[in-house]
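Undergrad: Based on the provided sequences and hints, a complete structural model is requested.
Basically my numbering = 1-based index in the sequence shown + 474.
Rather than coming from a laboratory, the hints here were simulated on the basis of the structure. Hints may contain errors.
Estimated spans, in silico, between C-beta atoms of each pair [claimed, not checked]:
(1) Ala516 to Tyr600: 32 to 42 Å
(2) Pro635 to Ser560: 27 to 37 Å
(3) Ala637 to Ser560: 15 to 25 Å
(4) Glu620 to Thr544: 51 to 61 Å
(5) Ala637 to Trp475: 34 to 44 Å
(6) Pro635 to Val538: 35 to 45 Å
(7) Leu556 to Ala516: 10 to 20 Å
(8) Ala516 to Thr656: 52 to 62 Å
(9) Thr577 to Thr499: 23 to 33 Å
(10) Gly585 to Pro535: 47 to 57 Å
(11) Ser661 to Glu613: 34 to 44 Å
A virtual CB, placed ideally from N, CA and C, is assigned to each residue, including glycine.
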Amino acid sequence: WTATPAVADPAGYSYQWQRCTLDGTYCQNIVGATNSTYTLVAADSGSRIRVEVTATNAWAPDGVAYSEQTDEVLQAPVNDTLPSISGPEAVAQELTADPGDWTSNPALTSGDYSYQWQTCDVTGTYCNDIVGADESTYELQPSDYEQYIRVKVTASNGVSPDADAFSALSGQIEGQPPVNDTLPTISGDLEVGETLTADPGTWT
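TA: This is the structure:
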């Protein structure tokens, strides 16, 4: 600035941060944003930001100048509604994860979510990743019997940091009714008076 007398720094400068439309045609003051620094908030996502600086010395009128508008403000993912799981809670059945609802800029697509299924105790205090269970669906295994299951969803839109959210626990995983894999067989001589023996086959 050019001024006589010179503008006192910092006392001679005041600030007003403004939020602008993405096309840059309209800006409005951000209430309370009158310091030389400003921390971006969720309401700024998808907007551009500029600052109005007013310079004051002993003479009127005050001087006013505006910064260039920033590029669009981006936002890392923030979870709004927790993930959920659905499906029969029994061995050999398939559970499906819904990633929940998120706020982010750029917006998330289905490919921006990753999954990790976990087994937990009844309180959800102690949970362990299930090795290889990293898809949106998971087929319950015999080792999951009487365990509790949840899914961790990680959302990533290229803006740091990625964000994690966890579903509620499933109910206790039930067992599986017997399913025949190999049919029963009969052995023995097919003559009157001889004894036949049944082999039950193999079952899951």
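Undergrad: A separate judgement is required for each hint: does it hold in the structure or not?
TA: So, going through the hints one by one against the coordinates:
1. Ala516 to Tyr600: 32 to 42 Å: holds, 33 Å
2. Pro635 to Ser560: 27 to 37 Å: With a Cβ separation near 28 Å, proline 635 and serine 560 satisfy 27 to 37 Å, so the hint holds.
3. Ala637 to Ser560: 15 to 25 Å: About 22 Å separates the Cβ atoms of alanine 637 and serine 560, which means 15 to 25 Å holds.
4. Glu620 to Thr544: 51 to 61 Å: holds, 55 Å
5. Ala637 to Trp475: 34 to 44 Å: Given about 43 Å between the Cβ atoms, the range holds.
6. Pro635 to Val538: 35 to 45 Å: holds, 38 Å
7. Leu556 to Ala516: 10 to 20 Å: Holds, since leucine 556 and alanine 516 (Cβ atoms, about 18 Å apart) stay within the stated range.
8. Ala516 to Thr656: 52 to 62 Å: holds, 59 Å
9. Thr577 to Thr499: 23 to 33 Å: Holds: the Cβ-Cβ distance is about 25 Å, inside 23 to 33 Å.
10. Gly585 to Pro535: 47 to 57 Å: holds, 55 Å
11. Ser661 to Glu613: 34 to 44 Å: 35 Å Cβ-Cβ, so the 34 to 44 Å window holds.
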